[in-house]
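There are 2 protein chains.
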Amino acid sequence: MTTPDKHQANGGLYLEDLYVGQRFTSGAHAVDEAQIKTFASQFDPQPFHLDDAAARSTLFAGLAVSGWRTAAITMRLLVDGGAPIAGGIVGAGGEVSWRKPTRPGDILQIESEVLKVTPSRSRPDRGMVTCAARHSINAARSCRC
Amino acid sequence: MTTPDKHQANGGLYLEDLYVGQRFTSGAHAVDEAQIKTFASQFDPQPFHLDDAAARSTLFAGLAVSGWRTAAITMRLLVDGGAPIAGGIVGAGGEVSWRKPTRPGDILQIESEVLKVTPSRSRPDRGMVTCAARHSINAARSCRC
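Here the protein sequences line up with chains D and G, keeping their order. In terms of the numbering used here, the first sequence has 98 at position 98, counting the first letter as 1, and numbering is strictly consecutive. In terms of the numbering used here, the second sequence has 47 at position 47, counting the first letter as 1, and numbering is strictly consecutive.
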């Protein structure tokens, strides 16, 4: 069994390197207003994601990032080192929650923790890892990956 | 109280128009290979979402759409009439599951069903609607919106 540090240095952690309670911290992403609107135009074209003036009279009381953009940025932060898994991150599903709006100028950073490691019964070189991933600023999601 | 048909014709359904068991069907979205790769480059740059040849030797055995793109397309289909809610769709959270890979050429269409309608105690003009939204082709997710 190789040490976690060696595996991580070689391109990611293997199943044997992962343990309950293990924590990771991603890089940071600054929320950009133009990028918010580009994403919303394509995937979530609602006034509170597209136009600050129109957003003021809605539940959000101002421009808010589409939750699906926040989720997509979360994935990017995990892929870029926030969850350094050898072979990549393949999601089976999970729970998502948006507790507060994400706003232009917010800085998103992900703190992840391994909650469960379940090796495959039929393929011992594969397994399912359950983790919680939370934005350290103002959003939260958890995933099984 | 206005009839659901009248409200829907006027731009969406209100809380009083929604009931458990109510169903909606979205329009359709054809999965485009170039768009898959553009999204993956930005949000989920892993080989199985970017390159068909590289994807063949992975768990997916071929190019697969990032699950977060599938989720984002789901949102677009809901906003475009798949969940005709007056005032827009504001997600609090939910469960997401990707049961099978989504592939280039797949046609995505969402079948939604209202599972629960909970008026706000403090603001009777607001409420929480829990719904299940499933791709009729090859993916599934559910949401609270």
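Be careful, since some hints might not be right.
List of simulated lysine to any residue pairs, SDA-like, C-alpha gap at most 20 Å [unchecked claim]:
no.: 1; chain 1: G; residue 1: Lys100; chain 2: D; residue 2: Gly127
no.: 2; chain 1: D; residue 1: Lys100; chain 2: G; residue 2: Thr130
no.: 3; chain 1: D; residue 1: Lys100; chain 2: D; residue 2: Pro47
no.: 4; chain 1: G; residue 1: Lys100; chain 2: D; residue 2: Ala92
no.: 5; chain 1: G; residue 1: Lys100; chain 2: D; residue 2: Ser120
no.: 6; chain 1: G; residue 1: Lys37; chain 2: D; residue 2: Asp80
no.: 7; chain 1: D; residue 1: Lys37; chain 2: G; residue 2: Asp80
no.: 8; chain 1: D; residue 1: Lys100; chain 2: G; residue 2: Val90
no.: 9; chain 1: D; residue 1: Lys37; chain 2: G; residue 2: Ala71
no.: 10; chain 1: D; residue 1: Lys37; chain 2: G; residue 2: Thr25
no.: 11; chain 1: D; residue 1: Lys100; chain 2: G; residue 2: Gly94
no.: 12; chain 1: D; residue 1: Lys37; chain 2: G; residue 2: Gln42
no.: 13; chain 1: G; residue 1: Lys100; chain 2: D; residue 2: Ile89
no.: 14; chain 1: D; residue 1: Lys100; chain 2: G; residue 2: Leu50
no.: 15; chain 1: D; residue 1: Lys100; chain 2: G; residue 2: Gly11
no.: 16; chain 1: G; residue 1: Lys100; chain 2: D; residue 2: Gln35
no.: 17; chain 1: D; residue 1: Lys116; chain 2: G; residue 2: Gly88
no.: 18; chain 1: D; residue 1: Lys100; chain 2: G; residue 2: Gly87
no.: 19; chain 1: G; residue 1: Lys100; chain 2: D; residue 2: Gly93
no.: 20; chain 1: G; residue 1: Lys100; chain 2: D; residue 2: Asp52
no.: 21; chain 1: G; residue 1: Lys100; chain 2: D; residue 2: Lys37
no.: 22; chain 1: G; residue 1: Lys37; chain 2: D; residue 2: Ser120
no.: 23; chain 1: G; residue 1: Lys100; chain 2: D; residue 2: Arg123
no.: 24; chain 1: G; residue 1: Lys37; chain 2: D; residue 2: Thr38
no.: 25; chain 1: G; residue 1: Lys37; chain 2: D; residue 2: Pro47
no.: 26; chain 1: D; residue 1: Lys100; chain 2: G; residue 2: Arg123
no.: 27; chain 1: D; residue 1: Lys116; chain 2: G; residue 2: Ser97
no.: 28; chain 1: D; residue 1: Lys37; chain 2: G; residue 2: Thr130
no.: 29; chain 1: G; residue 1: Lys37; chain 2: D; residue 2: Gly87
no.: 30; chain 1: D; residue 1: Lys37; chain 2: D; residue 2: Asp52
no.: 31; chain 1: D; residue 1: Lys37; chain 2: G; residue 2: Ser41
no.: 32; chain 1: D; residue 1: Lys37; chain 2: G; residue 2: Gly87
no.: 33; chain 1: D; residue 1: Lys100; chain 2: G; residue 2: Lys37
no.: 34; chain 1: G; residue 1: Lys100; chain 2: D; residue 2: Gly91
no.: 35; chain 1: G; residue 1: Lys37; chain 2: D; residue 2: Gln42
Hints are computed from structural coordinates only; laboratory data are not their basis.
Hints that the structure is at odds with (numbers, increasing): 10, 14, 15, 16, 17, 20, 21, 22, 25, 28 and 33
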